[in-house]
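Peer 1: Produce the entire structure from the sequences given, and follow the hints as far as they go.
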Amino acid sequence: MPLPAPSASVRVVTFKIDGQDLSAREDESILEVCREHKIPIPSLCWMEGLSVIGACRLCVVEVAGVPRLLAACTTRVAEGMEVSTDTEKLRRYRRTLVEMLFAERNHVCSVCVSNGHCELQWLAQTCGVDHVRMPYRNAGYALDSSHEMFRVDHNRCVLCTRCVRVCDEIEGAHTWDVMGRGSDCKVITDLAQPWGDSTTCTSCGKCVQVCPTGALTKQGTSAGEMVKDQHFLPILARRRHIR
Amino acid sequence: MNSPATTAAPTAAAQPATPPAPGKITVATTWLDGCSGCHMSFLDMDERLVDLADRIHIVYSPLVDAKDLPEQVDLGILEGSVSNEEDLHKVKAFRKHCKLLVSLGDCAVNGNVPAMRNPFKLDAVIERAYRENVDHNPQIPTEGVPRLLKTVLPLHAVVPVDVFIPGCPPCADAIFYVLSELIAGRTPDPITVTRFGA
Ligand code: SF4
Ligand code: SF4
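Quick note, the sequences are listed as chains A and B, same order.
Mapping to this note's numbering: the first sequence position 116 is 116, numbers consecutive.
Mapping to this note's numbering: the second sequence position 95 is 1095, numbers consecutive.
Derived by calculation from the structure, the hints in this document are not laboratory data.
Since the model is a prediction, treat every value here as computed from it, not as a measurement.
Just so you know, even glycine gets a beta-carbon here, dropped at the ideal spot from N, CA and C.
All the given hints hold, so there is nothing to weed out.
Capping the alpha-carbon separation at 30 Å, the derived lysine-lysine pairs in DSS-like fashion look like this:
1) A:Lys228 / A:Lys218
2) A:Lys186 / B:Lys1121
3) A:Lys228 / A:Lys206
4) B:Lys1150 / B:Lys1096
5) B:Lys1150 / B:Lys1067
6) A:Lys186 / B:Lys1150
If you want the footprint, here are the derived chain A segments under chain B, 3+ residues with CB under 8 Å:
7) 105–113
8) 127–138
Peer 2: Pasting the structure below:
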């Protein structure tokens, strides 16, 4: 389904990505343009149909004349812009970011419900993470199995907040939110109550489907069995947009 | 403890029974805290092992009879994480005597299942394994077993590692690719053929 036609005031700009001449509407982000043109940029928190938060920093790019790295998801294209998406420096940063996600919580892929269907695993492979160079924190996190259909394992959570956003922006329930700072930061249901006791959760399962890792899963799945389906999201998001 | 790797000091008897043929790459392997699955995956190379046998000479391994690690080995391959004092000895001996060290499999590369005890205190883990879950005559073994380390570590947390092959276990094709590249004198990039949990 096509997006609603842009209003007449939206200009089209021309710019270069990795030397390639491109044009797009000026209200598009670098990441959107790259996705459209199949220019690969890793991302984790970004998801088509959800609001943009620029949290994971995996989509950082270099823009000529700008001394710092910019997140492609939160940076709009502009006339004459020259973007590099795959430099040695960017690869180094991305690899380090992915390694830090592995070092922070407890990822044991071989026995994880999401093994083989996990975005973090896939990112590790594409970013060349064959081992994690920093020491593992080895702090244990809780697991909540109180919901009759779903389960949250905070050991696998990367705090992308996709669950929080889909629940609020698409389902309209706002069961999920974020609590705490630093290594204590975690996603919570209602006011940090067991998910099974939630009075707001509609059990729609959207959070489970958008979660990139094995953090949110269906009950009863064992190693490698949790395959997610995210096709519904852009469709729902567009319908809501039109309405 | 008188395990093979802790007596890695070279002696005349420590040399392999048959000296490696010239032109062949010498290989040593052993397992630390793993399930031996990576070694099984090595054997899964099936008929390719016949070709490999022309190019490598396994001088020390659970797969052969030699009891001692030779003084100088071209390629050391280690499976399993570093979980006890014996593992620590073995990994240090391998680093000392092997020119190139390969970390084979998720346990060696990232701790994997053995490292799942890390968020718990060691005493609690031992209590659980040897007392709480035991019906008959529970006791904590202290003799003839190496002392457990407080934290299970990947190899590269203890010694420098040259090549990492993640996977649980890495498939035979991945192992074959890495060995072939190394034999050809090239630097393999194993992450192109395997990943964590593969
Ligand atoms: S969530 Fe993904 S990266 Fe983490 S353990 Fe599971 S499969 Fe591995
Ligand atoms: S539970 Fe999943 S979707 Fe929610 S923040 Fe954690 S990783 Fe992201």
